[in-house]
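Q: These are the residues of each chain, in order.
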Amino acid sequence: MADYACLIIEDSPMMRQLLVFALARIRNLRVTEADDGVDGLRKLAGARFDIIVTDINMPIMDGLKLIRRVRTDPVHKETPIIVITTEGAEEDRHRALQLGANAYITKPIQAPQVIAKVKELLRIS
Amino acid sequence: MTERKSRPPKSRRDPAATSLDHERDAFIQTFIRKGVRLTQELVRENEDLRRRLSEAESENAQLKIHLRRDDAVRELLSTIEKLEQEKSALLSRFREVEARSNAFEETYSEVEAELSNLASLYVAARQIHATVTVPGVMRHLKEILEQLVGARAYAVYLRSERGGDLVPVFHQGMSDRDVRNVRPGEGVIGEAFANGTGYVSEDDTITEGTFEAPAAAIPLRIDDRVVGVLAVFQTFEQKRRFMSVDFEFFKLLGGQAAAALAAAGLLAAADGKLPSAEFYVELGI
Numbered sequence: 007m008a009d010y011a012c013l014i015i016e017d018s019p020m021m022r023q024l025l026v027f028a029l030a031r032i033r034n035l036r037v038t039e040a041d042d043g044v045d046g047l048r049k050l051a052g053a054r055f056d057i058i059v060t061d062i063n064m065p066i067m068d069g070l071k072l073i074r075r076v077r078t079d080p081v082h083k084e085t086p087i088i089v090i091t092t093e094g095a096e097e098d099r100h101r102a103l104q105l106g107a108n109a110y111i112t113k114p115i116q117a118p119q120v121i122a123k124v125k126e127l128l129r130i131s
Numbered sequence: 004m005t006e007r008k009s010r011p012p013k014s015r016r017d018p019a020a021t022s023l024d025h026e027r028d029a030f031i032q033t034f035i036r037k038g039v040r041l042t043q044e045l046v047r048e049n050e051d052l053r054r055r056l057s058e059a060e061s062e063n064a065q066l067k068i069h070l071r072r073d074d075a076v077r078e079l080l081s082t083i084e085k086l087e088q089e090k091s092a093l094l095s096r097f098r099e100v101e102a103r104s105n106a107f108e109e110t111y112s113e114v115e116a117e118l119s120n121l122a123s124l125y126v127a128a129r130q131i132h133a134t135v136t137v138p139g140v141m142r143h144l145k146e147i148l149e150q151l152v153g154a155r156a157y158a159v160y161l162r163s164e165r166g167g168d169l170v171p172v173f174h175q176g177m178s179d180r181d182v183r184n185v186r187p188g189e190g191v192i193g194e195a196f197a198n199g200t201g202y203v204s205e206d207d208t209i210t211e212g213t214f215e216a217p218a219a220a221i222p223l224r225i226d227d228r229v230v231g232v233l234a235v236f237q238t239f240e241q242k243r244r245f246m247s248v249d250f251e252f253f254k255l256l257g258g259q260a261a262a263a264l265a266a267a268g269l270l271a272a273a274d275g276k277l278p279s280a281e282f283y284v285e286l287g288i
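Chains A and B, in that order, give the protein sequences. Going by the numbering used here, 58 is the number at position 52 of the first sequence; the sequence numbering is gapless. Going by the numbering used here, 182 is the number at position 179 of the second sequence; the sequence numbering is gapless.
Keep in mind the hints are simulated off the structure, nothing from the lab. Note that the structure is predicted; figures quoted are calculated from it, not measured. Glycine residues also receive a C-beta, built at the ideal position from the N, C-alpha and C atoms. A few of these clues could be false.
Stated by the list, open to error - Reference listing, derived: stretches of chain B covered by chain A, where coverage requires no fewer than 3 residues with Cβ under 8 Å from a Cβ of chain A:
no., stretch
1, 108–117
2, 137–147
3, 171–179
4, 227–241
As the list claims (entries may be wrong) - One-sided and incomplete, this derived list gives chain B residues near chain A with beta-carbon spacing under 10 Å:
no., residue
5, V152
6, L255
7, G257
8, V284
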């Protein structure tokens with residue numbers, strides 16, 4: 007049984023696949039995928055997650071709106087959120103962190119960097 | 004009574020004899036005094052000798068203790084020296100292990116990075132042929148370029164049948180006005196097509212590339228035939244330089260993107276009708 011549950015919210019199937027590949031290297035981490043913010047919220051309502059990895063630019067509901075909603079959810083308001091996006095500008099980073107994201111990683115990603123950040127936020131050695 | 008009888012009365016004694024008696028008494032007194040003094044001196048000397056003997060014994064005992072202590076110190080020093088040697092050997096071994104561990108960690112990181120790159124290449128290769136519709140291929144191409152390469156502005160050029168110019172069939176991040184037709188051999192894009200040789204900037208100015216000075220121009224091939232060019236004009240601001248994996252992406256796209264586009268284009272031209280089994284049989288492969 008997995009010790010930790012991670013929700014990946016990303017509209018690009020290719021990126022989702024890459025993130026799943028990367029996070030599969032962390033033992034005892036179960037990964038669930040959602041393809042946009044609304045799907046993400048639906049999955050968050052049905053289960054408890056220990057960490058959320060989300061994109062910013064997504065159809066229907068973007069990552070920033072999702073962060074706002076998660077931070078008011080009593081179950082997940084403390085859950086670490088990692089933003090993975092192509093938006094590299096400092097103001098985008100600042101905005102995401104101000105809304106409650108715990109980390110901000112820009113694409114193209116390097117799997118070891120994502121793995122390290124997830125481990126750090128889950129306090130896995 | 005007897006004594007009284009034997010001693011004659013004083014008045015009647017001979018003065019010489021009396022003097023002799025005195026001398027004798029004085030001598031005896033002197034002798035006794037000297038004897039006493041000598042005895043006292045001997046006693047003192049004896050006491051002194053005893054004291055010195057005791058002191059010598061005590062000193063001897065102290066010396067023995069010191070000697071024993073010196074032996075212990077010598078032993079201790081020898082043990083310390085041995086321990087120092089052991090410590091030095093252990094430190095040297097520790098440094099060796101540490102160096103090996105660092106080398107291992109470095110190799111591990113390299114392997115992890117390589118694995119990550121291979122995973123990206125695998126996903127990209129899978130995605131590019133995952134669809135046979137032109138918009139689907141373009142969407143996947145866009146995802147690969149933006150999400151994996153970090154391209155912000157780019158265009159796909161294919162050779163036109165009319166006039167032979169390179170025509171941008173798809174572009175992103177640049178206005179229509181900025182992306183115009185290119186003659187083969189003209190500029191970086193035209194040269195990449197004419198020579199079949201790709202251009203990839205090694206500068207850290209790829210975030211600010213232009214139509215005239217793109218960040219990369221990759222010939223698109225079907226088999227050995229160059230049919231177009233993939234031009235990357237600019238990258239996202241966090242992508243300051245192309246890395247080794249990007250060259251692999253360019254190789255992959257150069258060899259696969261045109262084939263995927265051609266297959267999707269042919270299928271679209273045939274109104275989505277797939278070739279039948281007979282078609283392949285008639286080819287006589």
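Q: Would you mind marking each hint as holding or not holding in the structure?
A: Hint check results:
no.: 1; hint: 108–117; verdict: holds (count 3)
no.: 2; hint: 137–147; verdict: holds (count 3)
no.: 3; hint: 171–179; verdict: violated (count 0)
no.: 4; hint: 227–241; verdict: holds (count 3)
no.: 5; hint: V152; verdict: holds (7 Å)
no.: 6; hint: L255; verdict: violated (13 Å)
no.: 7; hint: G257; verdict: violated (18 Å)
no.: 8; hint: V284; verdict: violated (35 Å)
In this structure, the earlier hints numbered 3, 6, 7 and 8 are contradicted, and the remaining ones agree with it.
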